[in-house]
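Engineer: What follows is each chain in one-letter form.
There are 2 protein chains.
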Amino acid sequence: MVGFGDDISAVRLSKRQIAVLKTDMLVGSTDIPPGMSMKQAARKAVMANVSDLAAKGIRPLAGIVALGLPAYLTRRDVHGIASGLAQAAKEYGFHLVGGDTNESKDLTISIALFAIANRGQLILRSGAKVSDIVAVTGEFGDTAAGLKALLEKKKHPTQLARPLYQAVYNPRAQLDLGLRLAASGAVTASIDSSDGLAWSLHELSEASRVGIRLDIIPVSEAAKKFAELYNYSTNDLALYGGEEYHLVVTVRHGRFEVAQRAARGKLKPVGVVTREFRGVRSRQAGKETIIARKGWEHFKGQA
Amino acid sequence: MVGFGDDISAVRLSKRQIAVLKTDMLVGSTDIPPGMSMKQAARKAVMANVSDLAAKGIRPLAGIVALGLPAYLTRRDVHGIASGLAQAAKEYGFHLVGGDTNESKDLTISIALFAIANRGQLILRSGAKVSDIVAVTGEFGDTAAGLKALLEKKKHPTQLARPLYQAVYNPRAQLDLGLRLAASGAVTASIDSSDGLAWSLHELSEASRVGIRLDIIPVSEAAKKFAELYNYSTNDLALYGGEEYHLVVTVRHGRFEVAQRAARGKLKPVGVVTREFRGVRSRQAGKETIIARKGWEHFKGQA
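Residue numbers (the numbering used here), protein chains in the order written: chain R, 5 to 307; chain G, 5 to 307.
Chain R extracted, bound-state conformation (with noise of 0.2 angstroms):
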């Protein structure tokens, strides 16, 4: 078994078993966002990674990072990386066994998970099936507002700006509840909301070659009164956004309770896989319109 185009890589092992292996690198000129430590993108580097094992419902059992480290960095840059890394391994309970140390001209923390799992035990992003209740584990639209005030270098109200800061700066990748909506066997299809939810239901799409009509777009509150205050479409915001977390799911037919529980109530369904058409619409005051396969872009030309 080789790569599957999907968030990550297989290798068989036996009959029962295969080797689950991920990597994702994080580079200081297009991924650090403005007033982000160096301890919080370490952090975040790993988090990424446990954040595509969590949406295949995989713990990662141990890590490697090889790292690239501009000269410029000062001693407590490089400590505050290796506490961040230590950080976030520990967070979500496996060891960091290895890697490797270079210079190089820009900042680049690349992380290689491995896991061992049951054949079958993955969930897929392929696995959507018509029916299937689309929902997802959080709302959206923290980050993409939270890097707007940081990049447009406005005065924010701090009560307005921390929940957003937060976000950006210290993401939670979902395994535990990746972990137990794979457990309960009522999740068809999962992936991580990394490069917008838009993305990843295309995603899913795509993948499990079916439809996907979203009639709640999930927006947080906080994104909510961002956008109003400085007139921005709230929609935008939770679909476009990216560098959010959570999982995007389908759930089986008649299952969605048996999914609820696993998740302790903390799924939330905003739509519904169809055979109508291909791609992603949006239905509200029954209107559909259809939502463009746009994702994340990377801060560069945004600042």
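Hints are supplied without guarantee of correctness; some may be wrong.
As the list claims (entries may be wrong) - Result set (EDC-like, lysine to aspartate or glutamate): computed pairs, CA atoms no more than 20 angstroms apart in a straight line:
| id | chain 1 | residue 1 | chain 2 | residue 2 |
| --- | --- | --- | --- | --- |
| 1 | G | LYS298 | R | GLU107 |
| 2 | R | LYS228 | R | ASP240 |
| 3 | R | LYS228 | R | GLU107 |
| 4 | G | LYS272 | G | GLU225 |
| 5 | G | LYS270 | G | ASP180 |
| 6 | R | LYS298 | G | GLU107 |
Unchecked claim - One side of the interface only, derived from the structure: several residues of chain R facing chain G at Cβ under 7 angstroms:
| id | residue |
| --- | --- |
| 7 | GLY72 |
| 8 | ALA116 |
| 9 | ASN239 |
Unchecked claim - Estimated spans, in silico, between C-beta atoms of each pair:
| id | chain 1 | residue 1 | chain 2 | residue 2 | range |
| --- | --- | --- | --- | --- | --- |
| 10 | R | SER41 | G | GLU95 | 37 to 43 angstroms |
| 11 | G | SER18 | R | THR105 | 27 to 33 angstroms |
| 12 | G | SER18 | R | GLN91 | 55 to 61 angstroms |
| 13 | G | GLY258 | R | ASP180 | 29 to 35 angstroms |
| 14 | G | SER18 | R | GLU225 | 45 to 51 angstroms |
| 15 | R | ALA86 | G | ALA296 | 26 to 32 angstroms |
| 16 | G | GLU156 | R | GLU156 | 49 to 55 angstroms |
| 17 | R | ILE294 | G | ASP180 | 53 to 59 angstroms |
| 18 | G | ASP180 | R | LYS157 | 55 to 61 angstroms |
| 19 | R | ALA86 | G | GLU280 | 35 to 41 angstroms |
| 20 | G | LEU155 | R | ARG20 | 40 to 46 angstroms |
Bear in mind the hints are in silico, worked out from the structure with no lab data behind them. All values reported here derive from a predicted model rather than from experimental measurement. Glycine included, each C-beta is placed from N, C-alpha and C at the ideal position.
Since the structure of chain R is provided, determine the placement of chain G on it from the hints.
Structural biologist: Frame of chain R; chain G shown alone:
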């Protein structure tokens, strides 16, 4: 089980089995000598990781790649990288099953390899015992001479330069030899010579808490000729070059013939493990000199 200061990291899977993980990153600004193609660089990035597994006697099962690609790379460059990665995986008999691509200011090729092994199967750096024979799988100096030839930009006689450039651009990991030597049961410690022969010997000496006495400094014919022509020290070329991927092993006293048969005659005995001192010494013409713990330095600053 976590990282244990060797060339690879390992995680315990069961009473018998361990997962072996290895990561090593190639950085464009420091790891690519003048004239090396993108294909050669990508192949070398994989090869360097394989070499560390080879030294431990472990066959890679699968790998993943994270790339940081500068905007100035052409389509042809990117194809070259893909082609070099594929070539290396084919050469060493495993699959690259996934990866991650990013934009970066510095070319970065971060490889992570994965293998399964039985506990006790790993040949560590720390197993050398007093009176073991120290042996190598090749002669040294070609890469150091080749780099000097390239960096000094002199016009060199083709016949002299060709094998030296070949050593720089197309180094090979000794995977088959490493597997055979490990299977022979005669090898007590092993390391590759990617950081230079002197450095590798010091690593074995420290990890095993023994001394190493070199009776022969294994210099290649081409390096000798180059040294003569341009008045370099042959010993320096062989000892402090680096970026060479021979294996440096210690063989149990009385088992050298067994190891040599396994290696099909490719082992060259060069010294002995001693208890009289720590560190590494060379004995030539009855005189002992201390071999410095100096290693490979990157091209940066040498050019």
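Engineer: Compare the structure with each hint and give your call.
Structural biologist: Status of the hints after comparison with the structure:
{"no.": "1", "hint": "G:LYS298 / R:GLU107", "in the structure": "holds, 18 angstroms"}
{"no.": "2", "hint": "R:LYS228 / R:ASP240", "in the structure": "holds, 11 angstroms"}
{"no.": "3", "hint": "R:LYS228 / R:GLU107", "in the structure": "violated, 43 angstroms"}
{"no.": "4", "hint": "G:LYS272 / G:GLU225", "in the structure": "holds, 15 angstroms"}
{"no.": "5", "hint": "G:LYS270 / G:ASP180", "in the structure": "holds, 11 angstroms"}
{"no.": "6", "hint": "R:LYS298 / G:GLU107", "in the structure": "holds, 18 angstroms"}
{"no.": "7", "hint": "GLY72", "in the structure": "holds, 5 angstroms"}
{"no.": "8", "hint": "ALA116", "in the structure": "holds, 3 angstroms"}
{"no.": "9", "hint": "ASN239", "in the structure": "violated, 28 angstroms"}
{"no.": "10", "hint": "R:SER41 / G:GLU95: 37 to 43 angstroms", "in the structure": "holds, 42 angstroms"}
{"no.": "11", "hint": "G:SER18 / R:THR105: 27 to 33 angstroms", "in the structure": "holds, 31 angstroms"}
{"no.": "12", "hint": "G:SER18 / R:GLN91: 55 to 61 angstroms", "in the structure": "violated, 29 angstroms"}
{"no.": "13", "hint": "G:GLY258 / R:ASP180: 29 to 35 angstroms", "in the structure": "violated, 56 angstroms"}
{"no.": "14", "hint": "G:SER18 / R:GLU225: 45 to 51 angstroms", "in the structure": "holds, 48 angstroms"}
{"no.": "15", "hint": "R:ALA86 / G:ALA296: 26 to 32 angstroms", "in the structure": "holds, 29 angstroms"}
{"no.": "16", "hint": "G:GLU156 / R:GLU156: 49 to 55 angstroms", "in the structure": "holds, 52 angstroms"}
{"no.": "17", "hint": "R:ILE294 / G:ASP180: 53 to 59 angstroms", "in the structure": "holds, 56 angstroms"}
{"no.": "18", "hint": "G:ASP180 / R:LYS157: 55 to 61 angstroms", "in the structure": "holds, 59 angstroms"}
{"no.": "19", "hint": "R:ALA86 / G:GLU280: 35 to 41 angstroms", "in the structure": "holds, 39 angstroms"}
{"no.": "20", "hint": "G:LEU155 / R:ARG20: 40 to 46 angstroms", "in the structure": "violated, 53 angstroms"}
Figure legend: structure checked against the earlier numbered hints; hints not met, in rising order: 3, 9, 12, 13 and 20.
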